[in-house]
Structures are given as structure tokens and as C-alpha cells.
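Enquirer: For reference, the chains in residue letters:
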Amino acid sequence: MAPDFRIADAPFDIGALRERLLSAQAGAFASFEGWVRDNNDGRAVTGLTYEAYVALAEVEGGKIIDEARARFAIVDAACVHRVGRLELGDPAVWVGVSAGHRDAAFAACRWIIDEVKSRVPIWKHEHYAEGGAEWLHPGGEGAGLGDRG
Amino acid sequence: MSVTVLYFASLRDAAGMASEIVDRPASLSQLYAQLRARHGFAMAPDKLRVAVDGAFSGWDATVDDGAEIAFIPPVSGG
Numbered sequence: 003m004a005p006d007f008r009i010a011d012a013p014f015d016i017g018a019l020r021e022r023l024l025s026a027q028a029g030a031f032a033s034f035e036g037w038v039r040d041n042n043d044g045r046a047v048t049g050l051t052y053e054a055y056v057a058l059a060e061v062e063g064g065k066i067i068d069e070a071r072a073r074f075a076i077v078d079a080a081c082v083h084r085v086g087r088l089e090l091g092d093p094a095v096w097v098g099v100s101a102g103h104r105d106a107a108f109a110a111c112r113w114i115i116d117e118v119k120s121r122v123p124i125w126k127h128e129h130y131a132e133g134g135a136e137w138l139h140p141g142g143e144g145a146g147l148g149d150r151g
Numbered sequence: 085m086s087v088t089v090l091y092f093a094s095l096r097d098a099a100g101m102a103s104e105i106v107d108r109p110a111s112l113s114q115l116y117a118q119l120r121a122r123h124g125f126a127m128a129p130d131k132l133r134v135a136v137d138g139a140f141s142g143w144d145a146t147v148d149d150g151a152e153i154a155f156i157p158p159v160s161g162g
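Heads up: the protein sequence lines correspond to chains A and B, in order.
Count the first sequence with the numbering used here and you get residues 3 to 151, in order.
Count the second sequence with the numbering used here and you get residues 85 to 162, in order.
Just chain A, with the same shape it has in the complex (with noise of 0.2 Å):
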């Protein structure tokens, strides 16, 4: 069985990862998806490279989907997260959580992915449009060294 939380180093298949939630218990489902935008901050993006700590990322994305579990009233949650290189519009993230209703199913999924992006080791490289590239680390001030040019 797949885990929870899983790194993928390619494509994923999101009809797999639906399937593998449906349950008798749950009547209600409900998932997230991130995509590569072409834009952020104002400057226009051609692409991502996502990074990851695989080893760490796999252990704090797991402890995530099993405090999800003891938060909320749900009955399974899953989440997958990209590395490598990703063009515009590909999915990023995928999160997903079948619940007895609806409320719990939908909080669940907003915590599980607010959780994700504060707490897994994954850095989001932007190919910038103008040219170069630059490393997010959100309120790493001091951090900003892009491979510009």
C-alpha cells in the first residue's frame, strides 16, 4: 500500500490516488490541487524545479496526515508532492480526504496543504521569464541568492 504522504520524482496519477480513499464510511470527498502558475510577485514564470529532503519530507508529511486524522472527523487523507522540474499547469500537489460530511472533509484538506507548505522540507526553484531563476524561502531575508542570467 502507498503511503500517506508521498514524494513523486514524476507525473502522478490523481484517479489512482481518489480511488484509493473511497470508503463505505465516507460520504463526502474533497481535494486540492496546486498547479504552476505563470506568474508570481509580479514576475512572469515559466516554470518551477521543486526540491525536496525526500527522507524528512516523507516523515513530516506522514505525522501530518495522522494528526489530520486525530484533528478532524475524517475517515483516510493522502498527499502527494512533486519534485523536479514542472511546467506551467502541471499539478504541484495533491491532497485529498474522505470524511463522514462534508465540513470535516473541506477542513481537513485547507489544513493538511496550510501544513504542507509551512512544514516539508520542499524548495520551489522559479525559472523567471526574463531570464534566471531564484530559490523561494519565504521570510529568509538574507536568503535571495537567485542564479540570475
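To be clear, the hints were calculated from the coordinates, so they are not data collected in a lab.
Not one of these hints is a red herring.
Simulated crosslink set (BS3-like; lysine-lysine; CA at most 25 Å straight-line): (1) A:K119 <-> A:K65; (2) A:K119 <-> B:K131; (3) A:K65 <-> B:K131.
Covered by chain A, per the in silico footprint, the following chain B stretches (three or more residues, Cβ under 8 Å): (4) 134 to 142; (5) 147 to 159.
A virtual CB, placed ideally from N, CA and C, is assigned to each residue, including glycine.
We have chain A; now place chain B onto it with these hints.
Expert: Below, chain B without anything else, positioned relative to chain A:
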């Protein structure tokens, strides 16, 4: 008596390598200060988390011989 340091994202770019083996330091803070001076890391330690042997750790954790240490810059997944 050595440890392995892993670098990610902007720290990897600044160091010019994904990992290196260094002498076992007296503390994690001392190790980051040394590496920051050597590689010119711009990021102050209070912006970083630290992981030892694949788990998040406190900066005051003891550093054993052979440990695998990663300094974790602010994350940006999602």
C-alpha cells in the same frame, strides 16, 4: 570524528555541493557559523531549522560522530 552536512535549495547553490563531510563540531550553532563563513551563506541561523539524522532537532542537540546534519532554509512547497 566527522559528520556529513546536507545542503538544499539556496544553501546548496551557495555551497556548490549537495553534501560534504566535515570535522565533528562542538555544537550545531558552531558548525553553521563555520560553514556560513566558508561558503558565504547569507541566511542568518535564526531563519533556519536544523535536522539531525533525518529528524528535526533543536539547535542545542548533541552532535554524534557520523551524524547527518541538514540546515533547513524556509520551505516553499505547495
